[in-house]
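K.L.:
Since the structure of chain A is already known, use the hints to place chain B on it.
There are 2 protein chains.
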Amino acid sequence: MSILKLNSSNGNVMAENKTLDAVKKCLRDFPLEARELYLNKTVPCVEPPFSPLEFYREWIGPNKPCVIRNAFSHWPALSKWNPSHLREVVGSKVISVAVTPNGYADAVNQDRFVMPEERLMTFSSLLDVVEGKVESRGVFYVQKQCSNLTEELPELTGDVEAHIPWMSEALVFFFSLGKLPDAVNFWLGEASAVTSMHKDHYENLYCVITGEKHFILLPPSDRPFIPYEHYQPAVYRQREDGDFDVVDVADSDKVPWIPLDPLKPDLELYPDYRLACPLHVTVKAGEMLYLPSLWFHHVRQSHGCIAVNFWYDMEYDIKYNYFQLVESLAGAVGPL
Amino acid sequence: MSILKLNSSNGNVMAENKTLDAVKKCLRDFPLEARELYLNKTVPCVEPPFSPLEFYREWIGPNKPCVIRNAFSHWPALSKWNPSHLREVVGSKVISVAVTPNGYADAVNQDRFVMPEERLMTFSSLLDVVEGKVESRGVFYVQKQCSNLTEELPELTGDVEAHIPWMSEALVFFFSLGKLPDAVNFWLGEASAVTSMHKDHYENLYCVITGEKHFILLPPSDRPFIPYEHYQPAVYRQREDGDFDVVDVADSDKVPWIPLDPLKPDLELYPDYRLACPLHVTVKAGEMLYLPSLWFHHVRQSHGCIAVNFWYDMEYDIKYNYFQLVESLAGAVGPL
Numbered sequence: 001m002s003i004l005k006l007n008s009s010n011g012n013v014m015a016e017n018k019t020l021d022a023v024k025k026c027l028r029d030f031p032l033e034a035r036e037l038y039l040n041k042t043v044p045c046v047e048p049p050f051s052p053l054e055f056y057r058e059w060i061g062p063n064k065p066c067v068i069r070n071a072f073s074h075w076p077a078l079s080k081w082n083p084s085h086l087r088e089v090v091g092s093k094v095i096s097v098a099v100t101p102n103g104y105a106d107a108v109n110q111d112r113f114v115m116p117e118e119r120l121m122t123f124s125s126l127l128d129v130v131e132g133k134v135e136s137r138g139v140f141y142v143q144k145q146c147s148n149l150t151e152e153l154p155e156l157t158g159d160v161e162a163h164i165p166w167m168s169e170a171l172v173f174f175f176s177l178g179k180l181p182d183a184v185n186f187w188l189g190e191a192s193a194v195t196s197m198h199k200d201h202y203e204n205l206y207c208v209i210t211g212e213k214h215f216i217l218l219p220p221s222d223r224p225f226i227p228y229e230h231y232q233p234a235v236y237r238q239r240e241d242g243d244f245d246v247v248d249v250a251d252s253d254k255v256p257w258i259p260l261d262p263l264k265p266d267l268e269l270y271p272d273y274r275l276a277c278p279l280h281v282t283v284k285a286g287e288m289l290y291l292p293s294l295w296f297h298h299v300r301q302s303h304g305c306i307a308v309n310f311w312y313d314m315e316y317d318i319k320y321n322y323f324q325l326v327e328s329l330a331g332a333v334g335p336l
Numbered sequence: 001m002s003i004l005k006l007n008s009s010n011g012n013v014m015a016e017n018k019t020l021d022a023v024k025k026c027l028r029d030f031p032l033e034a035r036e037l038y039l040n041k042t043v044p045c046v047e048p049p050f051s052p053l054e055f056y057r058e059w060i061g062p063n064k065p066c067v068i069r070n071a072f073s074h075w076p077a078l079s080k081w082n083p084s085h086l087r088e089v090v091g092s093k094v095i096s097v098a099v100t101p102n103g104y105a106d107a108v109n110q111d112r113f114v115m116p117e118e119r120l121m122t123f124s125s126l127l128d129v130v131e132g133k134v135e136s137r138g139v140f141y142v143q144k145q146c147s148n149l150t151e152e153l154p155e156l157t158g159d160v161e162a163h164i165p166w167m168s169e170a171l172v173f174f175f176s177l178g179k180l181p182d183a184v185n186f187w188l189g190e191a192s193a194v195t196s197m198h199k200d201h202y203e204n205l206y207c208v209i210t211g212e213k214h215f216i217l218l219p220p221s222d223r224p225f226i227p228y229e230h231y232q233p234a235v236y237r238q239r240e241d242g243d244f245d246v247v248d249v250a251d252s253d254k255v256p257w258i259p260l261d262p263l264k265p266d267l268e269l270y271p272d273y274r275l276a277c278p279l280h281v282t283v284k285a286g287e288m289l290y291l292p293s294l295w296f297h298h299v300r301q302s303h304g305c306i307a308v309n310f311w312y313d314m315e316y317d318i319k320y321n322y323f324q325l326v327e328s329l330a331g332a333v334g335p336l
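Chains as they are written, first to last, in full-length UniProt numbering: chain A, 1 to 336; chain B, 1 to 336.
Do not rely on the hints blindly, as some may be mistaken.
Unchecked claim - With a straight-line Cα cutoff of 30 Å, these simulated DSBU-like cross-link-like pairs (lysine-lysine) come out:
1. A/Lys25 - B/Lys199
2. B/Lys254 - A/Lys18
3. B/Lys264 - B/Lys254
4. B/Lys25 - B/Lys264
5. B/Lys18 - A/Lys18
6. A/Lys144 - A/Lys284
7. A/Lys18 - B/Lys24
8. A/Lys284 - A/Lys133
9. A/Lys284 - A/Lys93
10. A/Lys25 - B/Lys25
11. B/Lys25 - A/Lys254
12. A/Lys254 - B/Lys24
13. B/Lys254 - B/Lys24
14. A/Lys18 - B/Lys199
15. B/Lys25 - A/Lys199
16. A/Lys24 - B/Lys41
17. B/Lys284 - B/Lys41
18. A/Lys24 - B/Lys24
19. A/Lys144 - A/Lys93
20. B/Lys64 - A/Lys199
21. B/Lys18 - A/Lys199
22. A/Lys93 - A/Lys80
23. B/Lys80 - A/Lys199
24. A/Lys24 - B/Lys254
25. A/Lys41 - A/Lys199
26. B/Lys254 - B/Lys41
27. B/Lys80 - B/Lys284
28. B/Lys93 - B/Lys80
29. B/Lys18 - A/Lys25
30. A/Lys25 - A/Lys64
31. B/Lys64 - B/Lys264
32. B/Lys64 - B/Lys25
33. B/Lys199 - B/Lys133
34. B/Lys199 - A/Lys64
35. B/Lys93 - A/Lys64
36. A/Lys25 - B/Lys24
By construction, these hints were calculated from the structure, which means they are not laboratory data.
So that you can see chain A by itself, here it is in the shape it has in the complex (with noise of 0.2 Å):
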């Protein structure tokens, strides 16, 4: 290799190095402007009356979170769902209950992605656990996220709402009479079972009926900051002597996840994370949140809370397009 060869190759890597530097300050000066520009510091809450289209406008479309207060007042479960009435309704219903040995469900575990077991139960056997009154190892969280409060408990559904009306009009489509929900779920869990951090295709409408959920919340913005590994699936299995194994998934791929717990993030593995912008909120009952879609939440609750969720159907549009580039990017350049 002759002199001038080597200066000119140390040219070219020296160019590519400085255009790679160039692009990972692009990466991490994207989620700083997009705090500068147009995020809240934390999460504001709004009041009934808007209309559609303001909240169309103020939150759904800039994809920024709100809690709303008194959107749900009106609601006969706020104060008839507590756990003697729900015994009387629902007591004799099957319902299928996530167990885990540690209240981590759908979470990276050592090198894999593990999800709990499913368990069929009836209600009051559920809330014999949940009240203590039966002991019982293992975390369970009513968490089943295919419209259970539908599907499983629809004795339920008279005490809520099938959809929230203001969010179905501002979602709705010309010459259509309305977008309903997706899906509208049942969560009811003990105070140790928690949601690991990841991120929906769904504007998520999250009302707590009794107790309260505690959110972190991360805009999509901060997806460079955020670690994904590919892990080996399986699921938690409970033994009849009440330990709990963990069993792969047979012939599946390996799933994306994230491995940071924003709880007690690790930053000499994942020093990227120092620069993301976590926003904690808590929602009380009888308070809804609106934690729109591509965002990255952690949740946890108090013992026994109950919540109902609604899941619209995002928007596949610009959005997402640009979500999508940032993914990708993050993807190729990796750490920053």
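P.N.:
For chain B alone, kept in the frame of chain A given last:
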């Protein structure tokens, strides 16, 4: 340099090359995915009635252009704005006219960004030129974008509306009564007057009163395929003998502008533009174009075409944040 070190350095170079290639692929795929995902292959026509929410959700929110028919059929301007009426009402008014040797105002000419001579003249003497009653060197275009309808020709404002009610309502903020346009501009041009490709930070409603306008539109997602260069700013100045000088603007920084002419793109110089997807749309008298913020556009017209456009401030929100990322990445990476 040991062989080991050379190899390891070569390995790094290859990895960096690969990363940079992956970044370029992301930037190439992004505009193509935009077309598959949500952009229309042509500019659709819509017709009132529609609610402000519907217009926001279908067009402003997703940042998609459309032609609106019968949106201003009640404007007196449509029947009144002929040369003899205009001579009568505003013939003696002094207006600002852009004069160029070739029809290109605000465009790249060789190694300069050349702006027009801004000439003050009466409306009658402009009409003399446009109607061919007076011979004149140069191309004349009323194109001053400083709300010249309300500022220079207030006598004509009664023939149109001060704003577009459904647009103002769509963009209104909480607790305010409405958002009025930032500028209402009057356009009157000769056939050879051309607006070179650029983008604006406005939501634009462009209403053709007489004649027709030919737009070439490119979505913001095509930014990676659109070249920008930096140019010395200059202005045209017509000499006594009718020829034009190009006079540099003293002490001025270079300005970024698009050198590419979509009517005859130099694909050898700008091969990435092969992947761009220009939409052609003709807007006829009585029609309105919704030209969304940050869309690149190039404009021509029929001789003597008169138009009025409304510029509404764009929102500097999530979409702008994403666009700025694309803009900075395109600048960092250069040709794909």
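K.L.:
Could you work out which of the previously given hints the structure breaks and list their numbers from low to high?
P.N.:
Numbers 16, 23, 26, 33 and 35 - these are the hints that the structure violates, sorted from lowest upward.
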